[in-house]
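Asks: Given the coordinates of chain B, assemble chain X onto it according to the supplied hints.
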Amino acid sequence: MARSIQSLERAAAVLRLLAGGERRLGLSEIASALDLAKGTAHGLIRTLQQEGFVEQDAATGKYQLGAELLRLGNSYLDVHELRARALVWTDDLARSSGESVYLGVLHQQGVLIVHHVFRPDDSRQVLEVGAMQPLHCTALGKVLAAYDPVAHSQAADVERRVFTERTVTDEQAFEELLEVVRARGWASDVEETWNGLASVAAPVYDRRRMPVGAVGVTGAVERVCAEGELHPHLVAAVRDCARAVSRDLGALRRF
Amino acid sequence: MSDTHATTASAHGGGPFIAAIDQGTTSSRCIVFDKDGRIVSVDQKEHEQILPKPGWVEHDAAEIWANVQQVVTGALSNAGITKKDVLAIGITNQRETTVLWEKATGKPVHNAIVWQDTRTDALCKDLGRNVGQDRFRRETGLPLASYFAGPKIRWLLDNVEGLRERCENGEILFGTMDSWVIWNLTGGPNGGRHVTDVTNASRTLLMNLHTMQWDEKICSSIGIPMAVLPEIRSSAEVYGEAVGELSGLPVASALGDQQAALFGQTCYSPGEAKSTYGTGTFLLMNTGHEPINSYNGLLTTVGYRIGDQEPVFALEGSIAVTGSLVQWMRDQMGLINSAAEIETLASSVEDNGGAYFVPAFSGLFAPYWRSDARGVIAGLTRYVTKAHLARAVLEATAWQTREIVDAMQKDSEVELTSLKVDGGMTANNLLMQTISDVLDAPVVRPMVAETTCLGAAYAAGLAVGFWSDTEELRANWKRAAEWTPRMDAETREREYRNWLKAVERTMGWIEEES
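From first to last, the protein sequence lines stand for chains B and X.
Heads up: the first sequence at position 97 corresponds to 97 in UniProt numbering, and the numbers run straight through without jumps.
Heads up: the second sequence at position 191 corresponds to 191 in UniProt numbering, and the numbers run straight through without jumps.
Okay, chain B solo, but in the shape it has when bound (with noise of 0.2 angstroms):
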């Protein structure tokens, strides 16, 4: 049996402590509940303190319970929360690009499409709002599974389809590639999903700084890429809108 850890059982009581009872307590309360010394019971309390999960009160000095503790519990951002935040980014990154811009989430080992601007043309195009892309290959569904561990563990489980002759499907090729995703902090997909098209996506952070969606445009080929590689200004474009979605979330004060 794996040894538990001492400290994280005191800091557990500490919590369990101020959820019950009193919710109030001073130091010196703390530490005889516990049968701990004053010091030990400060330590921990500063920790806690600096995680978020506890809390002093400013005039009586007494600890309670943190809002951290709270959104450890509640802590899903709302997917429609999600595209009303990130409405006026990827309208002007469309603009700016001039091709299609998807904003994605995770769900059910997949990419869930919950944003998606028109390319500004007049075609016609049809809204891909609830539509889902596999993860091993688009450029948002690489960016998932680069940085959110949830996504990558089930990129690693799921059978990598083959859609193109270019579908990277090998484990260690797969793992490869998201080690580039990570270095330069935005994937790809050119023709590995769809033949003709490429695209190109940035993860999207919430305040704490959890990957919670990832953001890119889409287009033809010819005119996403020269000479086999994406243009700068595109993936440009496409990090700013992620980082200025990322910023009205909240993720600012951590970049």
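Mixed in with the good hints there might be a few duds.
If you only want the chain X side, here are some residues facing chain B, beta carbon under 8 angstroms, derived [claimed, not checked]: (1) Ser338; (2) Glu341; (3) Thr344; (4) Ala427; (5) Asn429; (6) Met447; (7) Val448; (8) Ala449; (9) Arg479; (10) Ala480; (11) Ala481; (12) Glu482; (13) Trp483.
The set of hints was computed from the structure by calculation and includes no laboratory data.
All values derive from a computational prediction rather than experimental measurement.
No residue lacks a Cβ here, since even glycine has one placed at the ideal position from N, Cα and C.
Replies: Only chain X this time, still in chain B's reference frame:
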């Protein structure tokens, strides 16, 4: 706010640019646009809402003018440009809000009375005499209601001591917020231009839609000395040049906010309509060069007039409670944590479970106009969950849109081919799909959400030749999303019948009308 939209001017080819001021109900904003109609920078400042009594809402016009100057400076500096890079400045404004000021000093004689203010309710009833609220409808297109500026002027004349006499002596000027801003921009007491545009003038109850001039008879019936009234001009022409910090800059457009949105959405042909989904919703449809009388509870208003071209008229219908119903679900009912979550909750079920929500919180507006109605949730059974209610909330906005569109089609005999939408609620995908379903028409969202400021910028740009004509502006309009109907006709008809049954149940709740 000021830094969130700021990009560098260099990314937009270095200009020139058009600046638009949006003097709104809660804040004043300035947005700088480039030739493609893209936003270059924004600045915004809120002003105080003064609530002296229940139902009374006032603004300090001097504070508003100070804020307007600040946001213009702020927007230019956010864009990294100077007034030399700007070709013209346009204005859009909260409509009907009324201010009277001293010509010699520029000092307001009283706080501005805001459009929402209901202090003139009783006065409007009196003014209806034996005819009722439609006494001036044939000339003005409007019912006698407390929103409009004319009765607000009269209230000030009756309640500010000595004001009537000073008005008759020509010492006092009246304006809606467009006039106030233009007069100040162009010099104030030192030669400021005292003008208004046709769209703002059409919301005073004092302008005759058939002559596009102040109606002497109506002014005398309401008791307004004509000496206080500004000159009525078109919506897109150079009214004058700015002085001070912006000196030399042409002030070249004015449009009421909803008309500006119609213009920004490039609804330039009869039958084209836009709907702005915010706290409440305003739907305007272009009806061409003739004012169309409404027999279905809509307003007849001026859409816009470009220079000396013929004016374009519009029918207007508003829905009092749309976004505010979602806020009510969040704040009063606590069923959701954020407005966006209404979609999450509503999407967790397939339909409304038989529930219908008619949010007649302060009576039914267009096309019913029943002040004795109050809100109703109908069709409740044990099966209904909060998710069904969330769905009913979104459907309420959709059905109310349908009722207004139906009324417009009846009055104008023009069929709506598609509805252009803007405003905060367009982020709600399920709502937009539902509106398309119940209208049985496509719903389209443009790529620039700031259609109000864009409309003012477009009109100013036309006036100074930055854009050549409305066709060029149409080419700037880009479709960002389109929702097409998916509901079968049978379901639509059944659901509409149920909605109408629910509406009937709201009526007559208030027994005695005071």
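Asks: Now look at each hint and say whether the structure bears it out.
Replies: Going through the hints against the structure:
1. For Ser338 of chain X, the interface hint holds, the least distance from its beta-carbon to any beta-carbon of chain B being 6 angstroms, beneath 8 angstroms.
2. For Glu341 of chain X, the suggested interface contact is upheld, since its CB lies about 5 angstroms from the closest CB of chain B, less than 8 angstroms.
3. Nearest Cβ of chain B to the Cβ of Thr344 of chain X: about 5 angstroms, under the 8 angstroms cut. The hint holds.
4. At a threshold of 8 angstroms, the smallest CB-CB gap from Ala427 of chain X to chain B is about 4 angstroms, leaving the interface hint in force.
5. The criterion of a C-beta within 8 angstroms of any C-beta in chain B is met by Asn429 of chain X, whose closest approach is roughly 5 angstroms, and the hint holds.
6. For Met447 of chain X, the interface hint holds, since its Cβ comes within 8 angstroms of a Cβ in chain B; the closest pair sits about 5 angstroms apart.
7. Interface restraint check for Val448 of chain X: the shortest CB-CB distance to chain B comes to about 7 angstroms, inside 8 angstroms, so the restraint holds.
8. Taken as an interface hint, Ala449 of chain X checks out: its beta carbon lies about 6 angstroms from the nearest beta carbon of chain B, inside 8 angstroms.
9. Interface hint status for Arg479 of chain X: upheld, as the beta-carbon distance to the closest one in chain B is roughly 5 angstroms, under 8 angstroms.
10. A least Cβ separation of about 5 angstroms between Ala480 of chain X and chain B falls short of the 8 angstroms threshold, and the interface hint therefore holds.
11. Evaluation of the Ala481 of chain X hint against chain B yields a held restraint, the C-beta minimum of about 6 angstroms falling below 8 angstroms.
12. Interface hint status for Glu482 of chain X: upheld, as the beta-carbon distance to the closest one in chain B is roughly 6 angstroms, under 8 angstroms.
13. Annotation: Trp483 of chain X was flagged as interfacial toward chain B, and the flag holds, the nearest CB pair being 6 angstroms apart, inside 8 angstroms.
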